[in-house]
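Order-wise, the sequence lines are chains A and B. Numbered per the working numbering, the first sequence spans residues 759 to 1161. Numbered per the working numbering, the second sequence spans residues 39 to 265.
It should be emphasised that the hints constitute simulated quantities derived from the structure, not laboratory data. Cβ atoms here follow ideal geometry from the backbone N, Cα and C, with glycine treated the same way. Treat each hint with caution, since some may be false.
What the hints assert, rightly or not - Here are the computed lysine to aspartate or glutamate pairs in the DMTMM-like style, where the Cα-Cα straight-line distance is at most 25 angstroms:
| # | chain 1 | residue 1 | chain 2 | residue 2 |
| --- | --- | --- | --- | --- |
| 1 | A | Lys1077 | B | Asp149 |
| 2 | A | Lys825 | A | Asp1008 |
| 3 | A | Lys1077 | B | Asp211 |
| 4 | B | Lys117 | A | Asp1151 |
| 5 | B | Lys134 | A | Asp1151 |
| 6 | A | Lys1146 | B | Glu112 |
| 7 | B | Lys134 | A | Asp1008 |
| 8 | A | Lys1077 | B | Asp154 |
| 9 | B | Lys227 | B | Asp253 |
| 10 | A | Lys1077 | B | Glu112 |
| 11 | A | Lys1077 | B | Asp197 |
As the list claims (entries may be wrong) - A few chain B residues facing chain A, derived, Cβ under 7 angstroms:
| # | residue |
| --- | --- |
| 12 | Asn87 |
| 13 | Glu112 |
| 14 | Gly150 |
Said to hold, decoys possible - Quick list of the computed label-pair ranges, beta carbon to beta carbon:
| # | chain 1 | residue 1 | chain 2 | residue 2 | range |
| --- | --- | --- | --- | --- | --- |
| 15 | A | Ala1030 | B | Tyr121 | 34 to 44 angstroms |
| 16 | A | Ile769 | B | Asp224 | 34 to 44 angstroms |
| 17 | A | Gly1158 | B | Arg57 | 47 to 57 angstroms |
Here is how the chains run, residue by residue.
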Amino acid sequence: MRARAVFRFSIQALSGHGLRTGLSLIGIAIGVLAVVVLTAIGEGARRYVIAEFATMGNNVLIVVPGKVETTGGMPGMGGTENDLTLEDTLSIQRSLPSIRHIAPIATGTERVSFGSLSRDIAVIGTTSEFFPLRQLEMAYGQFLPVEDLDRGSQVCVIGSKVQAELFANQPAVGQVIRLGAYRFRVIGVLAKHGKSLGLDIDDVVIIPAVTCLKMFNKTSLFRIMISMDQSAEIEWLKPQVLNLLIDRHDGVEDVTLITQDAMMTTFTSILAMLTAVLVGIAAISLTVAGIGIMNVMLVTVSERTQEVGLLKALGATGKQVLMLFLSEAIVISLAGGLSGLMIGYGLLALFMRLVPGFDVSPPTWAAITAVLVSVLVGGIFGVMPARKAARLDPIDSLAGGQR
Amino acid sequence: MIRLTDVSRVYTVGGQELRALDHINLTIQTGEYVSIMGPSGSGKSTLLNMLGCLDRPSSGTYELDGQQVGNLSESELAKVRRYRIGFVFQSFHLIKRLPALENIALPLILDGVPHDQARDRARAALDSVGLLKREHHRPNQMSGGEQQRIAIARAIIMDPSHLLADEPTGNLDTKSGTGIVDLLEDLNKRGKTLIVVTHDPEMGKRAKRAVRMVDGRFASDSAQGGA
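Chain B with its partners taken away, still in its complex shape (with noise of 0.2 angstroms):
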């Protein structure tokens, strides 16, 4: 479960303060599917980076499955969010010398998982993006669906409560981003919280809840069908 308190994020940038988030309060429950929209620098990706924990409040608190995450160091940060976090980026964020197994193996060869294991467990995770035929595969030998379809691979590999996606169709054509988005709300379906930033109103609107933020303040946040 994710809870914001009071939450502000603010930047000095030339002496000016910048308020990217402004005394949000924001509850998720586990298992939740939301969609946050809004135009350019209203904050989202802020909201995403905060819950993400690449971030820290400014003033606020933020509770994360009862763990406060405000004030942890920044190494425990790094552990909650390779535990917890499940990271889905517009530009996939593979490493380019690696094979697509190598990119999924990622997250437990930093948990210090043995090589064979981790080989295991992430052609596991390739075979549940249906990619198991790339797994010798740069990503540069791959399509942008493809790519995408490894990252989401990569971001369940800890097995993590939460799956954060940042315009996850940005770079697509309109037929892969369908079927990542499919595979999203499938793994939804399967118990992970859902959180998805995005431009694509169409997509925004598939989200069973869709929050809509302006100059850092939540505009509306409602309940909606979903797809």
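So here's chain A without its partners, still in its complex pose (with noise of 0.2 angstroms):
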């Protein structure tokens, strides 16, 4: 009997029990439907993770203020909090030589106003290594001037979306705007950057460090950005920085130090475990699908008894009576994973429609996995109705199965 007939004849009989297969694959399609969404979700994820971390660079350390990781004391013990400050940033400087650019962050919000327009904006407060750190590159003027770090003059540096709101057209450098309270001469505007690490460079106005902190009262550096030559070399600068700090702190473990291969290390193995789950739920949801398709089957073979026999009459093998029915089975599940798909698929697209930069198109292995797998699992679960109805005696089936 040909692949296509056997097919054909799987159609036909379910065909004429709609509601009963359409009901039995949804268990299946529920399953599929769980396993591409949460995959290309979770993929997603990654990818989107895995670029910010990569405009990062490998040879980028990053300290921040505060103890992110649980040591397993108590909180609050071991000393009062330091502030991460510009002085930390100038120490670290001054006893690493070694370092090739180190940049303070200082962050807040500030409305920004030049003539009649005005605005909120992120306001950050840096030093004139935060350009080449950053890789940035100007479009008009120069960026923050070299100086002593606690000197902060009233001078800034805007981004292109800011230039485009403020000015329009008309050459910014020169002019003067106001942050809150305070006025600033325009000396550079950014080129175009995009968003990085979580910052969109073009829409932000950068000044000198000690200025912002003055200007939002703060103590505290947002970040410290250090980098080296070598990627390499972080490792070694890595307990350099942190032995310093401690120092300075008193004593106290107060800072936490990010490198990209630090972050990918944690993200990467939150994110198999999070898989790791994901198959878990599946395995169990295909088997309770399994399930269902396996009960319908047995329904099907026992309302069929009396075809079975004619078939048999027909000549049709005991083999080809399995076959027939495994892959009635086979296509409630395959019919079941391929709905699962596209309604996973046309979620998956209305999401991404709905929050666009977030691109969640769902890895091509899993929809071949989800696709394969349902098969499988109408293969096997398929198996003891199908053999079932295999053995059944012709002459008792034909009578109407009476046994």
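Assembly of the complex is requested from the two constituent chains, each provided in isolation within its own frame, with the hints serving as guidance.
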């Protein structure tokens, strides 16, 4: 018997029981849908985070105030938390001359205005080092001048979007804008850069760090960014910086050091765990769905006992009967798998339309695996009913299956 | 040719041995027209199932067209049914969801004949039973006589040498029953062995040879005039 003929026969048999077939394939569809959507979102998140950290560069170390990791101690024990200060930055710079660039970063939000135009904007306080460290480029003018850390002049560099919104087509360099109560002279406009590390560089005003701290009345920096010539030097640098800061902060380890490697490792292990959980959920739901299919097929076989008898009388071998019923189970689960896949793709397309910039196209392997697994589920759970059909005695089943 | 030699078929029901066929000897030449009659439980259906290779002898030998079929495997037996036997049942046994043409084509499909070819041959068989206009009709859209004609077309689609009919007119009114008997006899005239199990004495009389069974044995086996 030809494969196409078997398939045809299955479709004809199943289409006579639309509701029953539909209900039993829903289970598979939901399982596959869940796998496709969740892996796609997981994969999307992974790509997003990797892209984010890739812009950070693997030769960069970031110092964040506060201890992020849990070390088992009681919170608040072991002394108070110290600020991460400009002095810390200066001290690192002086004691570790092999550092290539080091930039303190302070942040705040303030109302920027020029003429009659004004709006709220993210303000970054930093130094001239920020420019090479973040691999920025200028469109006009220049970046913050090289000056002592404690000397803050009233100058600023603006992002390309800010330039476009406040000045339209007019040159911005040389103009004076207001940030809250302060006046700043624009000395440069950044080239278009886009988002990186969660910050839209096009939509910021950059001012000297000390000015920024003063303006927002802050003592602690948001970050200190350090870069080395070689990525290999980062591992060497980490304990140096840490020990220095512990020393300066009265022996308390109250900072966290972030490297691309460490972040990636953490993130990858979280993702691996999520994937494992997902596989578990998928396995459970597909097993339940498979039992549903088995149940429907058992009902089908007992309903069609006479048909089995007839097929045998017409010369169908037990193997052929087995194939016919197995194929029905597989068609149900394949149809379930494909509809789950289609609905999943639909939902993801919708999601991408609603949340632009977050690519959640499902990985091809997930789609292929989902379909293969659904076929497998039909195959595995269809065997028992199909064998039952194949073993029916032709005489008894022709007579109506009394036994 | 059919040759049963000392064939018995014994069932065990609730510990009791039930001898449905009791040391039967029977030879039927190719092209014969035989009716098997007898009261219920006399073993005539068991005999027909045996002849149709749906059942095996408990003892004795069954030779069909020179081949011993008693010890063939299940799938070999299925092939024998496919190529050598055409069944006609009292209740037609058509698959309700399939149109006439596909019901007829079923044995070809099981044999791996390509779809288009199978349809063409099924159409020819449909034509030979005079129901070409019913091609796309499902069984429940046809009369009993028409359904039995479809079943006969299916029985002859593989061109088997033997037609086995179990009460073929049992579910039909007299008029359509006569039409079915005519059709079967016509096929017999064209060379097919026709074996009919029936309760109907009129139909039994039409066969050229009549076998009467009682308690799993032949009470009589006689040549007669036929129709």
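> Honestly, which of those hints from before does the structure not fit?
Replying inline: 3, 7, 9, 15 and 17
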